[in-house]
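Peer 1: Residue numbers (this note's numbering), protein chains in the order written: chain A, 1 to 192; chain B, 193 to 392.
Treat the hints as calculated values from the structure; they're not laboratory data.
Some clues are possibly wrong.
The following label-pair restraints were derived from C-beta to C-beta distances [to be verified]:
(1) A/VAL125 with B/ILE362: 18 to 28 angstroms
(2) A/GLY138 with B/LEU210: 19 to 29 angstroms
(3) A/GLY19 with B/ILE203: 20 to 30 angstroms
(4) B/GLY207 with A/VAL105: 12 to 22 angstroms
(5) B/VAL208 with A/ILE145: 20 to 30 angstroms
(6) B/ASP356 with A/VAL105: 49 to 59 angstroms
(7) B/THR359 with A/PHE26: 27 to 37 angstroms
(8) B/LYS200 with A/VAL125: 43 to 53 angstroms
(9) A/ILE68 with B/GLY226: 51 to 61 angstroms
Straight-line C-alpha distance at most 30 angstroms; calculated DSS-like pairs for lysine-lysine [unchecked claim]:
(10) B/LYS358 with B/LYS311
(11) B/LYS311 with A/LYS162
(12) B/LYS345 with A/LYS162
(13) B/LYS326 with A/LYS157
(14) B/LYS345 with B/LYS311
(15) B/LYS358 with B/LYS369
We put the beta carbon where it would ideally sit given N, CA and C, even for glycine.
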Amino acid sequence: MVDSSTIQVYRTSTGLPTGRVAMWWFLASEVAIFGGLIMSFIMCRVAHPEWSEYAEYTVNAAGAFNTIVLLTSSLSAVLAHAAAARREYARAANLLWATVGGGLVFLCVKAYEYSHEIHEGFTPVTNLFWGFYFFMTGLHGLHVIIGMSALAYVATKVRHGKLVEGVEYAGMYWHLVDIIWIFLFPLLYLAS
Amino acid sequence: MSAENHDKSYIAIWGVLLVAMIVSLVLAEVSGAGWVIAVIFLVATAKAWLVVSRFMHLSQEPRWIKGVMAGAAAVVACFLVGVWGDVALAWSVIPAGQATPEAAPVAELQAGNAEKGAKVYGTYCVGCHGADGKANGGTTGASFVDDPSRLAKSDAEIMASIADGKTGTIGVMPPWKGTLQPQQMVDVIAHLRASFGAKP
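Extracted from the complex, chain A is given alone in its bound form (with noise of 0.2 angstroms):
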């Protein structure tokens, strides 16, 4: 049986686990793709002081309860990474499914807060300011979705030893959809 807990897909070009050089190479898409959209974001926003009013209408409590849950999600992933460094292959599963339970509870906060400004009149076409919020938030959504599914097979797999490294890049991707709410959440909720 091939012991995959030793990772054994070094480039001798890099020097550098394979998988993690392509990873830093598509998080830096991301980082183009989400730098363009919040940049589009502020210079609106700069231009629009009167923003801020629709700025109150976000739930504060609920970002800020979701930021709280992201950060110790972020956590959660990096112990399994450690964890699965220490070749400790149940309690990194568990951990990375923490981490999944992480991205739920994120997730059906966020469905509640969508349905709250559906309510209130607030929706897509509202105006710009409500455009860009649920084209940001739902498309960072849509990562927190990839997010927990690309952690939920690796921790399927770790469990096994298989697929360690696996660990380590759904992580990564994981402390990136991190990253982004850590900047969207005073975007749109505390700038009012």
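With chain A fixed as given, assemble chain B onto it according to the hints.
Peer 2: The following block gives chain B in isolation, referenced to the frame of chain A:
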């Protein structure tokens, strides 16, 4: 990756992140002043940096990996710096008081319509710049035909000249931002390009 147990340091970083978030939240509740918002975004950047360097272990990666991520951040920064001027310009030509949700924001400007622009030109511009765009031999204004560099400028630059006016060797062109709507300026520029010059 060493098999040492770093769990405690990860938990400590998590604690710092939570405290930073609470600080931002309290600041936002206290005041909406510009400097408070600036501090909140500095805190957010610091949090993101902690996650990238300590949870994603970018600090342990070789230089060129850091370069890839720095490059991505630089692309975003270039986008902001490069577009900011045009955005600020577009907003400066909208008369104060119209920048309300009801007013058509510049983002919703239609592409320039040369036919409509010709009418605007015929009303406001023809007196100095002439029907042929030669400004009576360049004596009453800038000739678009004899000096192609004038239309080689970007739409944003020409728009700035129309909005704010210009003082040059020939004389003074008055600012038009109180008279013309942004859409009219865009249409006039389309007319200039269609009739007197090629698009850059």
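Peer 1: Give a verdict on every hint.
Peer 2: We went through each hint and held it up to the structure:
Taking 18 to 28 angstroms as the suggested C-beta distance range, the pair A/VAL125 and B/ILE362 does not conform, at roughly 48 angstroms. A hinted range of 19 to 29 angstroms for the beta carbons of A/GLY138 and B/LEU210 is consistent with their spacing of about 26 angstroms. Between A/GLY19 and B/ILE203, the C-beta spacing of about 27 angstroms keeps the proposed range 20 to 30 angstroms intact. Judged by the Cβ atoms, the range 12 to 22 angstroms given for B/GLY207 and A/VAL105 holds: they are separated by roughly 20 angstroms.
A C-beta distance of roughly 28 angstroms is found between B/VAL208 and A/ILE145, which places it inside the suggested range of 20 to 30 angstroms. For B/ASP356 paired with A/VAL105, a C-beta distance near 53 angstroms keeps the hint of 49 to 59 angstroms intact. The hint said 27 to 37 angstroms for the Cβ distance between B/THR359 and A/PHE26, and at roughly 52 angstroms that hint is violated. For B/LYS200 and A/VAL125, the hinted distance range of 43 to 53 angstroms is satisfied, since their beta carbons lie about 49 angstroms from each other.
Between A/ILE68 and B/GLY226 the beta carbon distance is about 27 angstroms. The supplied range of 51 to 61 angstroms is therefore violated. A hinted pair counts as satisfied when its Cα atoms are at most 30 angstroms apart, and B/LYS358 with B/LYS311 qualifies at roughly 22 angstroms. Among the hinted pairs, B/LYS311 with A/LYS162 is inconsistent with the structure: their alpha-carbon atoms are about 72 angstroms apart, more than 30 angstroms. Proximity of B/LYS345 to A/LYS162 is assessed by CA-CA distance (about 60 angstroms); at most 30 angstroms being required, the pair is judged violated.
About 76 angstroms separates the Cα atoms of B/LYS326 and A/LYS157, which puts this hinted pair outside 30 angstroms; it is violated. For the proposed pair B/LYS345 and B/LYS311, the alpha carbon gap of about 22 angstroms is at most 30 angstroms, so the pair holds. Restraint check: the Cα-Cα separation between B/LYS358 and B/LYS369 comes to about 12 angstroms, which is no more than 30 angstroms; the hinted pair holds.
Violated hints for the displayed structure, listed by number in ascending order: 1, 7, 9, 11, 12 and 13.
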